[in-house]
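Undergrad: Sequence:
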Amino acid sequence: MSDVAAGGIQAASGLVGSVAGLVVMGSGALLVIAVVIAANLWLRWQRLRAAAPKVEPNTVEASAAYRRYLVAAAWAGGSAREWDHSVRPVLAELVDLAVAERHPAGGELRGMAQDLLGPELWALVDRDVPRSEDRSTPGAGRDAVLRILERVEQHER
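The sequence shown: position 71 = 71 (this note's numbering), numbered continuously.
Mixed in with the good hints there might be a few duds.
To be verified - Computed Cβ-Cβ distance ranges for the label pairs, DEER-style: (1) ARG67 <-> LEU41: 27 to 33 Å; (2) ASN40 <-> TYR69: 34 to 40 Å; (3) ASN40 <-> VAL129: 50 to 56 Å; (4) PRO130 <-> TYR66: 27 to 33 Å; (5) ARG68 <-> ASN40: 33 to 39 Å.
Everything labelled a hint here was simulated from the structure, so no lab data went into it.
Remember, it's a predicted structure, so these values are computed and weren't measured experimentally.
Backbone N, C-alpha and C fix where the C-beta goes; we use that ideal spot for every residue, glycine too.
Full structure from sequences and hints, please.
TA: Spelled out as structure tokens, the structure:
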């Protein structure tokens, strides 16, 4: 081995066991820790910025029912399966609530709801209609939802 190479190895081994070597290694470790903390904080900040706006807990938008109605309305323009699985149950619930509110004494709510909507719209809300699994046939659509809601609103007046 040459004298130069041996001198380099001795210098390096002298740095590892010395106080200066500990300072260099400690500084490197602190630098790595600082980079990890900075990356973590930056990622958390990005996640907070991208998060949906907070909704006040006592508002209509915060209620689970409101979110269900929004999801059902979004599926209204989809297939027959989406109508039967997402829209029909929510509309049936809304119609039942409206009829029950209007006739608190009870009675045959199903018959009253049928009379309220008529045969064409009742077929779109009736829970007893078998659910379709057809994803290619279009559902009743948003126009049908609006007609059903208008009929229910007219009933409430």
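Undergrad: The hint says 50 to 56 Å between ASN40 and VAL129; measuring C-beta to C-beta, is that right?
TA: 53 Å, holds
Undergrad: Is the gap between the beta carbons of ARG67 and LEU41 within 27 to 33 Å?
TA: 32 Å, holds
Undergrad: Could one say that the CB atoms of PRO130 and TYR66 fall in the range 27 to 33 Å?
TA: Between PRO130 and TYR66, where Cβ atoms are some 29 Å apart, the hint holds.
Undergrad: Do ARG68 and ASN40 keep their Cβ atoms within the hinted range of 33 to 39 Å?
TA: 36 Å, holds
Undergrad: Just tell me: holds or violated, for the beta carbon distance of ASN40 and TYR69 against 34 to 40 Å?
TA: Roughly 39 Å apart at Cβ, these two residues keep to the hinted range, so it holds.
In summary, this structure violates none of the numbered hints.
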